[in-house]
Amino acid sequence: MILLNKLQQIENFILRTGHAGENLVFEARVLTDEELARDVALQTEAYAIIKQYGRRKLKAEIASVHLQLFTEDKHFTFRQMILALFKE
Amino acid sequence: MFPAVARFISRRGGSLDEAKDVFQDALVVYYENTAAGNYPDNEKAYLMGIARHLWIKRYRDNGRYVPIDEAFSVDDVSVLHESRPDSNKILHYLESRSQKCMDLLKSFYYEKLPMADIARTFGFSGERSATVQKFKCLEKVRGIVKSKMLTYDDFVE
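The listed protein sequences derive, respectively, from chains A and B. Under this note's numbering, the first residue of the first sequence is numbered 11, with each subsequent residue one higher. Under this note's numbering, the first residue of the second sequence is numbered 63, with each subsequent residue one higher.
What you were told as hints is all true, and nothing was included just to trick you.
Heads up, simulated SDA-like pairs for lysine to any residue below, C-alpha to C-alpha not over 25 Å straight-line:
no.	chain 1	residue 1	chain 2	residue 2
1	A	K16	B	K208
2	A	K67	B	A181
3	B	K162	A	R66
4	A	K16	A	V50
5	A	K67	B	K106
6	B	K210	A	L52
7	A	K97	A	D83
8	A	K67	B	S160
9	A	K61	B	A178
10	A	K97	A	F86
11	B	K106	B	R69
12	B	K198	B	S187
13	B	K151	A	Y57
14	A	K61	B	R159
15	B	K151	A	L52
Some chain A residues well away from chain B (every beta-carbon gap over 10 Å; in silico):
no.	residue
16	E37
17	T42
18	A47
19	K84
20	F86
Just so you know, the hints here were simulated from the structure itself, not pulled from any lab data. All C-beta atoms in this analysis are idealised placements derived from N, C-alpha and C, irrespective of residue type, glycine included.
In isolation and in its complexed conformation, chain B is listed as follows:
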């Protein structure tokens, strides 16, 4: 699939690095859509369509390809260029101190895996206790976000 995207980008004057960024972003969008339950009839055509859309939209607006912002939906153009240094700091903090919590939350909210599978993977006795832990982890993230609103100092390592 990458050669087809690379050919498309090269014909439109893009570089290999831009082809790489477009393809990787297209995979992310594809993954998020399928995780949300939207399965295309023709996977290759769908992926190529996403790549073409990303290139046209994000190249046209900037004169070069700008990879999608990690924090936002690609459709939400209005906030794509908003800088979010705070969320990077928070994420860095959470990654270093609450990795297991973040992985649990990622499984549920990002990968949208069934709670029964998550309970097994993370070694919980059942869905109920995994759900309770999920909310405790969510509360932890909320707490960090909240404290960030009060002070930035704690996040400067």
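Next comes chain A alone, as it looks inside the complex:
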């Protein structure tokens, strides 16, 4: 189990939320410490997964609004107007 403050340090480095000087020192450590470099790579991947999750949830919300616009009776006029744009 990696210590939480180490996760925080790596996070500051990856997301550039830390002090610029500390990030530089950390970068030098990453270059010389293979295990730390692996930790950084792992955490970067974890952030990518979280972003993917966020986008997926957001897209699902947007898609459900789209579905309402294109299925509910009260949006009939809107729908006709959009469909007319794509007629030859």
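Place chain B on chain A using the hints.
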């Protein structure tokens, strides 16, 4: 706003489905930029600009509109077409077993909400305990990613 984007896409020979994809992707980019603190002066013009940019860039390169990959920044063209089946498997695994953790992480890293708000929403006593939990959840995701590097079998449901 959608009619304006749909009109733009239809005039350039795109289909309704492509207009839908472009508009939805534009909303995602817009959301991510504003979450990061970049608020435009003119929201409609900004959204239309994103839609136009997405269409031109992603249509020109492929001959049809390819929606943005969920995992990467839209500006990072070099990795847009890289297939990432592993991350889908990991995500599926995390969604089914650690939904609350994923929602907590999403609130902080994707929606960029203040920790005090997150603590309230998720019922923590304060920012400190929410932060500790956030890192525990992050460690969980790291652990799953790490084990994926060792074996794929665990992710096949």
